[in-house]
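Trainee: Sequence:
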Amino acid sequence: MRRFAQFVIAWEWVWLLALLPVALFLHGWISLVLLLLPLLWGVRWVATRRFKPVTAYDTAVLLLAITVLISLYAVFDIALSFPKIIGVVFGIFLFYGAVAVTRQVKHGVWYLTAFFLLAGIGMAFVGLIGVSWTGPVAFLNRVKGVLPTAVSRIPGTIGGVINPNEMAGVLNWVAPLLIALTIGLWRTLWAQRRQVWLLALLGMAGFATFMLIATLSRGGVLSLGLSLLIMLAVATRWGRWLLVVAIIAGIGFAFYLDLNTIFSGDLSDSGQELGFSGRLEIWSRAIYGLQDFPFTGMSMNGFRRVVHILYPLFLVSPDTDIVHAHNQLLQVGLDLGIPGLIAYLAIWGVSVTLLWQSWHQTNSPVSRALIVGLSGALAGGWFFGMLDAITLGARPGFLWWILLALIVAAWDTAQSADSI
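Each residue of the sequence shown is one higher than the one before, starting from 3 at the first, in the numbering used here.
Take these hints with a grain of salt, some might be off.
What the hints assert, rightly or not - What follows is a set of in silico ranges between Cβ atoms, one per label pair, in the way DEER data are often shown:
(1) 192 to 417: 23 to 31 Å
(2) 23 to 323: 18 to 26 Å
(3) 297 to 239: 44 to 52 Å
(4) 41 to 286: 42 to 50 Å
(5) 197 to 134: 34 to 42 Å
Hints in this document: simulated from the structure, not taken from any laboratory.
Idealized CB from N, CA, C, for every residue including glycine.
Construct the complete structure from the given sequences, taking the supplied hints into account.
Mentor: In structure tokens:
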């Protein structure tokens, strides 16, 4: 029995990847197959006498999972909340499965990094055909024009179209890591005569960066710029001074410029322009919601329905689907209450701590390139989440859980004498 359990757990990552399309697209009764996920932990107990790998995130993730259960008390439409709940549950299992594979397989951190980057580039290609491109990049719509209608419409989206802001948020996880690895591994790959790998990294970094800029998302482009400054600050001393100067200059520009004009082109998921004033109004309603539902939240994904009933908007049409609060912290609080927000912030705090420790515990150029890239990806996601949000349980959110697993893997490697 134990030998069979060890065989199953050895292929745990494969089972999870096989279930990924179910978690992303096949909501409804078929997604109940994901309830089999706890069986994997039961099998792990039989094989290793542990339900899951031990990580620094355990307490925060446990609290987050508990708040998801508590939020069920506030659910008023299970069909509305169920996809997000499934997304969080699957993300947690994916996180621990990814950590396990990096510890079981030699150079597992690189296999996981490759999966993360390829998945991100794959989503960029999906965005290429799923975003309705405007302005100077409208020519990209020609790609969609040569494809059959069934292919060009993305399942699970509003009207089959991907919001460019959400696309920018996903690429803010991917582009900084690609840029850091391209620059950080340049000499190593060239010396080892692995120019093909170098060209692949360069091509993916260029494509991801171009696609992010092509979204014309002000928040997305700003987040990328800030993530690049963070990476420079981590890697170099002069980069820290540059970051300080950029912060001071940014504060000055914020007072001088009209923020509503800067963000006037950003669209909601339903296509209506929000601008900065629209965001401010949504944030004010989100704060009202937090005050009214501090412990349970208003159920996952419930804000989009509740806001027009309890907290009517004046600058945004009542016909507009406010998918989220356009701020990741407010959205988590609305979904899971203040306890869930505390757990979420704890996950971010653990991430920063692990990256800080990893940087100071290794001198390997390869390891440091990965750490710098992960720092940039984490920073890009954080800054983007201040003006927009990829909600917990959203389809692209599985990449966030993989990012956390990569941070654990980088920390594990830094603790050992081995270089990746």
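Trainee: Provide an ascending list of the numbers of those earlier hints which the structure does not satisfy.
Mentor: Of the numbered hints, all hold.
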